Amino acid sequence: MYLRKRLRMQKIVFFIVSVLAIVTLTAMMGIILIIFVKGIGVINWRFLTSLTSFDFYGVPQGGIGPAIVGTFLVTGLGLLFSVPLGILGGIFLSEYKTKRRLFSIMRMSVANLAGVPSVVHGLFGMAVFTVFLGFGLSILSASLTLSILALPIVIMVTENAMKNVPNSVREAAFALGAKRWQSALLVVFPAAFSKVMTGVILASVRIAGETAPILFTGATLYLTYYPHGFNEQFMALPYMIWGLVTTSINISASTPFAYGIAIVLITLVAVMNISVMLLRLKMRKRAVL
Amino acid sequence: MEFSLKIENLCAYFGEKKILDSITFDIPSKAVTAIVGPSGCGKSTFIRTINRMNDRFENFRASGKIILDGENILSKGYPLESLRMRVGMVFQRPNPFPKSIYENVAFGLKIHGIKNKKVLDETVYSSLKAAAVYEQVKDDLSLNAYKLSGGQQQRLCIARALAVKPEVILLDEPTSAIDPIATKQIEEVLERLSKDYTIVIVTHNIQQAARIADYIAFFYLGKLIEFGKAEKILTSPKEKLTNDYLTGVYS
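If you read the protein sequences in the order shown, they are chains A and B. Okay, so the first sequence: first residue is 9 according to the numbering used here, each after it adds one. Okay, so the second sequence: first residue is 12 according to the numbering used here, each after it adds one.
Bear in mind the hints are in silico, worked out from the structure with no lab data behind them. Heads up, some of the hints might be wrong.
In the EDC-like style, the derived pairs of lysine to aspartate or glutamate whose C-alpha atoms are separated by at most 16 Å in a straight line are [unchecked claim]:
hint: 1; chain 1: A; residue 1: Lys105; chain 2: B; residue 2: Glu69
hint: 2; chain 1: B; residue 1: Lys249; chain 2: B; residue 2: Glu237
hint: 3; chain 1: A; residue 1: Lys107; chain 2: B; residue 2: Glu69
hint: 4; chain 1: A; residue 1: Lys187; chain 2: B; residue 2: Glu92
One side of the interface only, derived from the structure: several residues of chain B facing chain A at Cβ under 10 Å [what the hints assert, rightly or not]:
hint: 5; residue: Tyr24
hint: 6; residue: Gly99
hint: 7; residue: Val101
hint: 8; residue: Leu181
Note that the coordinates shown come from a computational prediction; the quantities given were computed from them, not determined experimentally. All C-beta atoms, glycine included, are put in the ideal place defined by N, C-alpha and C.
I would like the entire structure built from these sequences, with the hints used as guidance.
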């Protein structure tokens, strides 16, 4: 009797869970499908590689080359600033809890920083990097702003990855006479490395898609050339989408272009996520973690 | 008889709770000393105090003296790194690093600045041999230590502890997570090692103590009840508590 009841319960729960899973999956597939249907027409080699231009009627011509380059540049540079700092911060939070005062200050800052809306990061970046430090509207200002956005993500991911490494491993290191930094950097961090990398890639996906932080710090809607240095303005994929569907002279002609950019962004994200998976697989297979 | 560690009036606390109460005895050099007693009697706390592993816990506090080579290792300025090189430890559950077999054993040397490949190689081989795990792993020292069986992992942990050439090896119930055959192998290793090292092993298994111990210290509720030669403690204990424990009145 009792068993049958439990079996029925099991079936009901499984049914509910499956329905929810299907709903989620359908919604996601739906979004991707719509974007692909509306945008696939404009995708070709020229679209990906050539400069942007508009004809007399405001119909976009050419491609999104500068926006792709710009997004890669600010994302890469943003990671370059945030990843080393964020990893060190995460290691500190996970391994140096005994430094009470610094620990709680940092913990609080990270939590607050993570909750700040991205447009506020943009304003901050404008005030500090663009104006105060005089970097102007530039790739440098925008990357620094994005790096501040990525910083709490990298810190939190690193902290969690490090915390997941069992304490017994730390004790083993200490029992051999390791100092705390040796245990942290030589044992715990390597063990947490693949998880940290996952977090880094997730952070890069996040900042690659951000618009607000680069809005006031260096992104521009239209550039007829590729930037020559980090002190110049740049085009970026997410900002370009916004520009094409809101400020273009000929919105109906620009919209497919915007969908095309969305496809590029989604593909970028997918590629990055797949690389995370491959990385993990490789880490698991390799003899040495 | 020579003594490796002299313990004088050792008390230990976690917060307000007194875990060890005035422990005084000397641990004989180059012999196996087993610490036995029922769960919660302070056995683990005791050996983790000897290499100051409990310093990790903020609410831990110890008073009294543990003398190693004429110096009190509990004194404030005593360098932990060199203490832990002289006093190695093997834990209850095998805890190899998620690294290769080679790196596991070489780690202790590397963190103390030894980089000479020849020295490292020789130490890794001799340590693995001394821990009787060399034969099983020699074909591929680059294998991740996690791929080894529990018993092999524990012997690898012994090899790792041996690599830094300690004088004392502390073992905290090293076979409690391991099957009987692997346990036997580890006991054989320990017996062999006791010719050159001072071994302190915590065990809740009287049979194990009987098999390998030269000396037995019986702990009960944080107190040292009785210490002496193993056969003496096992056959004719002086204290009633020891006798009760050995005959299984409580465990």
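Taking the hints in turn, this is what the structure says about them:
1. Lys105(A) <-> Glu69(B): 11 Å, holds
2. Lys249(B) <-> Glu237(B): The hint holds at about 8 Å.
3. Lys107(A) <-> Glu69(B): 11 Å, holds
4. Lys187(A) <-> Glu92(B): 7 Å, holds
5. Tyr24: At about 18 Å, which exceeds the 10 Å cut-off, the nearest Cβ of chain A leaves the hint on Tyr24(B) violated.
6. Gly99: It holds, given that the least Cβ distance between Gly99(B) and chain A is near 7 Å, below 10 Å.
7. Val101: 8 Å, holds
8. Leu181: 8 Å, holds
Going through the hint list in order, the structure does not satisfy hint 5, though it satisfies all others.
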